[in-house]
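In this text, residue positions in the sequence shown follow the working numbering: the first is 14, and each later residue adds one.
Do not rely on the hints blindly, as some may be mistaken.
[What the hints assert, rightly or not] Calculated pairs, EDC-like style, for lysine to aspartate or glutamate (alpha carbon to alpha carbon, straight line, at most 16 angstroms): (1) 160 / 306; (2) 89 / 112; (3) 60 / 119; (4) 188 / 128; (5) 60 / 128; (6) 91 / 135; (7) 298 / 69; (8) 216 / 227; (9) 343 / 270; (10) 89 / 138; (11) 171 / 209; (12) 188 / 69; (13) 60 / 164; (14) 215 / 119; (15) 60 / 237; (16) 60 / 193; (17) 171 / 74; (18) 215 / 227; (19) 171 / 155; (20) 241 / 164; (21) 171 / 119; (22) 241 / 157; (23) 89 / 135; (24) 60 / 201; (25) 298 / 155; (26) 60 / 74.
[What the hints assert, rightly or not] Computed beta-carbon distance windows for the label pairs: (27) 321 / 300: 24 to 32 angstroms; (28) 124 / 97: 46 to 54 angstroms; (29) 318 / 295: 24 to 32 angstroms; (30) 359 / 321: 20 to 28 angstroms; (31) 107 / 293: 49 to 57 angstroms.
Hint data in this document are derived by calculation from the structure and do not stem from the laboratory.
Glycine residues also receive a C-beta, built at the ideal position from the N, C-alpha and C atoms.
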Amino acid sequence: MRRTLNPLYFLLLIVPLLYSFSGVQKGLESSADMNALEVSVTLRINKIYNINSVNETYQIDGYLLYSWMDEDAPFKPKDSMTQSIIYENARARELMQNELWVPAFELINVQGSEETPNISIEIYDNGRIEYEQRFFGTFSSDMDYVKFPFDSQQYFVKIEPFSYSSRHIVFTNPKLFLEENADDYLGEDWVFISSDTNITTKKYRYMDPHINSEKNSYSRIVFEINAKRLSGYYQWQVLFPLLIIILASFSIFWIKEFSSQIGVGFTLMLTVVAFNFYSASILPKLPYNTFIEYVIIVGYIFIFLGILAIIINHRINRLEENEERISLLKHFRYGFPLAYSIIMVYLYIRIIM
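With the hints as constraints, model all of the structure from the sequences given.
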């Protein structure tokens, strides 16, 4: 006897299949975000120190706290009143090795490996996990020295999951805490301006040949501290003496003996060269000039032009034997300082302001 397929049974079979197929198409892009583990990050900075302008590096002493939910976390309270259990250092490492999954996080802009002398894991009864690290590290970032020594710099701490793309782990709720007194974490050479946190998605090209593949996207959190350099030392120990030297070079227009004029001019030129060596020693090799280098370059030019002017004046007087030609230096006595002042004001307005 031939059996017939019940139409109701057919509908019950085919409708869920069609619905699930359309649901996969609509939720294909959002499924990664729905299933991704959300990790909140808190950074507390104790100190930013050993700021090295030549290497563009700085050291940070601080605490990092990662928090996420894990319903399968091994919560083993001693009594019913216990709401959380804390594991430190050796016990925390043993827990991570045997019972608890803790994702690895990477400090992207750290040089070498950071030191983590102390770690702790706190497991709550609701499944929340807090993983805390005390860390010391040398970090690097691109610094802008165009306005040096009146510059402001940005210090970053950039964090990404080591193995898991944004399909698996995403950062949320970043928090940054600093000491109330900027001198406590920036030292005496810097003054705090502002801080900021943001979460981005970093795309790499080497994880998967398809650039838009989910394997190429990693959640990244960026902590930013903005600080301004206190320029008092450079103003009084570098720029002010350099200004005096360049103004002193204009004294050659008041000296009558040609040999003395040449001697003073070249001596002051060599002094400016010494300042140039000093500026090169406190800054990295840059593809652009800083404000202090512009000041030195302008000093070179005016001292050179001053030497050239007295040579031309001396040559004209010897050839023409005309006492009236000496009046040429009288114009230089006032023209050179005025031109130098105008150029320096222009540089300050153009670069610093």
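So which of the earlier hints does this model not fit? Checked against the structure, the hints that fail are numbers 3, 4, 12, 13 and 28, while the rest are satisfied.
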